[in-house]
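Whole structure, please, built from the sequences with the hints as guidance.
Chains A and B are the protein sequences, given in the same order.
First residue of the first sequence? That's 1 in the UniProt record's numbering, and the numbers climb one at a time after it.
First residue of the second sequence? That's 1 in the UniProt record's numbering, and the numbers climb one at a time after it.
These are computed hints drawn from the structure, not numbers from a lab.
Virtual Cβ for every residue (Gly too), placed ideally from N, Cα, C.
Each hint should be verified, as a subset may be incorrect.
To spell it out: a stretch of chain B is covered by chain A in this simulated footprint if at least three of its residues, at any positions, have a beta carbon under 8 Å from a beta carbon of chain A; those stretches are [said to hold, decoys possible]:
1. 50 to 64
2. 69 to 78
3. 86 to 92
4. 124 to 130
In silico negatives: residues of chain B with every beta carbon more than 10 Å from chain A [to be verified]:
5. Val96
6. Leu99
7. Asp120
8. Lys206
9. Glu214
10. Thr228
11. Lys229
12. Glu258
13. Ala262
14. Phe270
Straight-line alpha carbon distances no greater than 25 Å define the calculated PhoX-like cross-link-like pairs of lysine-lysine that follow [said to hold, decoys possible]:
15. B/Lys132 - B/Lys118
16. B/Lys15 - A/Lys375
17. B/Lys76 - A/Lys375
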Amino acid sequence: MAFTINKGTGHLSRLIIRRDRIRIPLWVIGICSFTFMVPIAFKELYGSQEQRDVMAQTMENPAMIAMVGPADLSNYNLGVMTAHQMLLLTAVVVGLMSVLLVTRHTRGDEENGRVEMIRSLPVRRISTLNAVLLVNASTNILLAFLVGLGLYTLNIESMNIEGSLLYGASLGATGIFFVGITAVFGQLFESSRGVTGFSITVLLIVYIVRGIGDISNEVLSWISPLGWVTKTGVYDENNWWPIVGLIGVSIILFIIANYLHAIRDLEAGILPSRPGRKSASVILQNPIGLEFRLQRTGMISWAIGMFAIGASYGSVLGDLDSFFAGNDMMKQLFTAKEGYSVTMQFVSMIMMVMAILATVPAVMAMNKLYGEEKKGRSEHLLGRAVSRTRLMGSFLIISVINGFVMLSLAAIGLWTASVSVMEEPYSLGTVYGMGLIYYPAMLVMIGVAVLLIGYRPRITSFIWLYVVYSFIVLYMGGLFQFSEWIGKLSPFGHIPQIPLEDMTWMPIIMLISIAAAVTVVGFIGYNRRDMGR
Amino acid sequence: MSVLQVNNLAKSFGKVTALNGVNMEVNEGEVFGFIGPNGAGKSTTIRVLLGILKATEGEAKIFGKDAWSEAVEIHKRIAYVPGDVNLWPNLTGGEVIDLFVKLRGGNKKSRREELLKKFDLDPSKKCGAYSKGNRQKVALVAAFSLDADLYILDEPTSGLDPLMEQVFQQCVMEAKRAGKSVLLSSHILSEVEKLCDRVGIIRQGKIIETGTLEELRHLTRTNLLVETKEPITHLHELKGIHDMEEKGRALSFQVDMEELGAVMKRVSQFGIVKLESTPPTLEDLFMRHYEGKGQTGTEAGGDPNGFYN
Ligand SMILES: Nc1ncnc2c1ncn2[C@@H]1O[C@H](COP(=O)(O)OP(=O)(O)OP(=O)(O)O)[C@@H](O)[C@H]1O
Ligand SMILES: [Mg+2]
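Here's what the structure looks like:
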């Protein structure tokens, strides 16, 4: 079963490129510019070897290794540092790009009936698949060269041509590997949801297996293709064999995909789609149950993510004081406050950032109410014995609980990791309190979302501007020396930063009252307006 | 006794006026057909009746309760099927049906299994994998699983195959036999003809005609084909004759119902050999109303492009 690159494949490839003429460049440019920004920033922030050695020290703990992989920390030049901190995560993003692009053109098109139309033209059956493989493999090769040459032209001493090309090749090979994985899954499952779902699951498993392997058992890292990526030793030993390995496996995957494609029917999957439940479970009895069921997967992913973010911040708390000693920019961010360590100030700042981040899934859960309305699905509930207040209330409850859980998990994650790295760890109560104090601000954000859905549903997404504004103003505020009132425009700017500041209840009470008021007004609006479509 | 009453209902979306004084009434135990060209305002009326849209003017009452302010109370006793059913792609049909039944009726006995079999629907499939017709069936099974006092159906059979269309018709007949009321909006005239006791025709946001099919037929023309011993002369001098055409030795034409007597009198003078009369088809009837009024004089067919304006 060889691939047949014939005339049909060529035409179809051009069709794919045309349809993705915005999408592919956006991915490639995004990944490239992100990759180039990091070493430039590192050069600014960690110009001297001492600063980098301090950084190397912070990286030397299980949590960080599990996240970004191992590296030669004794030779932590700019190149090694960039590759160590960025290569693996960028490779995951490239993998994601491949999964999404390939699904779109294989199972996605088949589901929409586009492939059926193409099949009716004089092209060979196998051409559709191979056109997708060709275009996406080429995209990844292009990406590899752009990244490689780009990194080299940054003209940073430790980033030589071989290392740079290897950096790019690692990304490209990972991308091609996931083109193969997705192409195979595209033959196995009937729905594009299934294909995306399983491919991303493989991506995550491969990442996690490598993480566990890197901190406990070398063999596990060898099983994972992402483990190979960390074995390249970019800008250090420069090993090329992992690239050869990845490409080899990818070719095998391409052949398997071609074989499976040849033996199956159009729109069928090799694996029969598993029949679902014939009747509703006890959860699915009311609007809250329905929403919980629909948002479950997303909520679990966010929960894991929030815990991991908390844990990764927590894991650096051990040597934070020495790290800050050598970094002017960070010093500016955390102007020393008498009687409190820099670490404590850092935790306080991080809590605010994590609280704003935890607001994202909570507001998403609320905004889903309008999403459902637009898709014409709210009608199914409102047309039955469900009042508007009950419907909106169900979404509000889910959103409020969601935010609470996310914030709690971030704080608990931070505490859990900090206990293992700090000599005198904080108590859980202290850390949890520092996080939870931001909850009233989050409630205001949810309230504003409710208000928009009630009165100006078309601009519900404006809430994100407010979230981003809060983040920029409060996180960067110290750096840019904004005046105080700019921060006060965000509810997060009113929360006392305990224990650095005294606990004052007034702003908390005010925020909760405001949250309650805008929410009630939002409900009134929602009860008065037309349901749209 | 009327279960549904709409008085002078108006609804505008910004500058667009979708409804412009709609009046209608559905009586207990009757199937009321609600027909009219695309964009006439059928769905808008129905969505006001369901409390999804708020009327700009006028009132809509179901079971004597206000459709907007007492929506929940009303909805406990009605079943609604929209014409374009959008469902949650990752829930199965069975799950959705159960949820819908639950949301309306609490723990009343459901006829789910029987209907699943009748409609030939696999409840274990995800809604994302259903075809349009199958999504429609999910809504139909959910609607007919529980008894309702009023069924509001907005083009419920769009996308159903003829076999399923028949199953649907059985369901409606059963509901009617049980004394329930139905408001049925539809573009399928045979369906309307078979099921409806009365129909209301809506056009540009106004009800332009209401009545039983018999009454409506009376307002239109019948087709005649006559063959006589001697050639008929001067027929076109009479009122109410349209589309006269010679077919061999016979003559075919249309007559306004109210002129039928006079025309027959004249024709019989020439010695009738053969006479065929076909009642106006429902299509004829609707075409005339959909086109708009004031064109009764000259022609009957009309240009097909102007039907739905
Ligand atoms: N949300 C809305 N905003 C603006 N105009 C609307 C809206 N909903 C309906 N309309 C307009 O109101 C008019 C009536 O539409 P409606 O959907 O009630 O027609 P319909 O009789 O159901 O037609 P069809 O037979 O095609 O289903 C149309 O002109 C439509 O464009
Ligand atoms: Mg309609």
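A quick look at each hint next to the structure:
For the stretch 50 to 64 of chain B, the stated coverage by chain A holds: 5 residues have a C-beta nearer than 8 Å to a C-beta of that chain, and at least 3 were required. Residue count for the stretch 69 to 78 of chain B with a Cβ under 8 Å from a Cβ of chain A: 4. That meets the three needed, and the coverage hint holds. Residues of the stretch 86 to 92 of chain B lying with their CB closer than 8 Å to a CB of chain A number 7, which satisfies the three-residue condition for coverage. By the rule of at least three residues with a Cβ nearer than 8 Å to a Cβ of chain A, the coverage given for the stretch 124 to 130 of chain B holds, with 5 such residues.
Not every CB of chain A is more than 10 Å from the CB of valine 96 of chain B (nearest about 8 Å), against its label as outside the interface. The beta carbon of leucine 99 of chain B is not kept farther than 10 Å from every beta carbon of chain A, the shortest such distance being approximately 5 Å. Taking the minimum C-beta to C-beta distance to chain A, about 15 Å, the non-interface status of aspartate 120 of chain B holds against the 10 Å cut. Every Cβ of chain A is farther than 10 Å from the Cβ of lysine 206 of chain B; the closest lies at roughly 21 Å, confirming the non-interface assignment.
Distance to chain A confirms glutamate 214 of chain B as a non-interface residue, since its nearest Cβ pair spans about 33 Å, more than 10 Å. For threonine 228 of chain B, the non-interface assignment is confirmed: its Cβ lies about 57 Å from the closest Cβ of chain A, beyond the 10 Å cut-off. In this structure lysine 229 of chain B is separated from chain A by more than 10 Å, as the shortest Cβ-Cβ distance comes to about 61 Å. The claim that glutamate 258 of chain B is not at the interface with chain A holds, since no C-beta of that chain comes within 10 Å of its own (minimum 44 Å).
Residue-level check passed: alanine 262 of chain B sits 53 Å from the nearest beta carbon of chain A, beyond 10 Å. The Cβ of phenylalanine 270 of chain B lies farther than 10 Å from every Cβ of chain A, with a closest approach of about 60 Å, so its non-interface assignment holds. Between lysine 132 of chain B and lysine 118 of chain B the alpha-carbon distance is near 18 Å, which keeps this suggested pair within the 25 Å criterion. Simply put, lysine 15 of chain B and lysine 375 of chain A have alpha-carbon atoms about 24 Å apart, close enough for the 25 Å limit, and the pair holds.
Simply put, lysine 76 of chain B and lysine 375 of chain A have alpha-carbon atoms about 24 Å apart, close enough for the 25 Å limit, and the pair holds.
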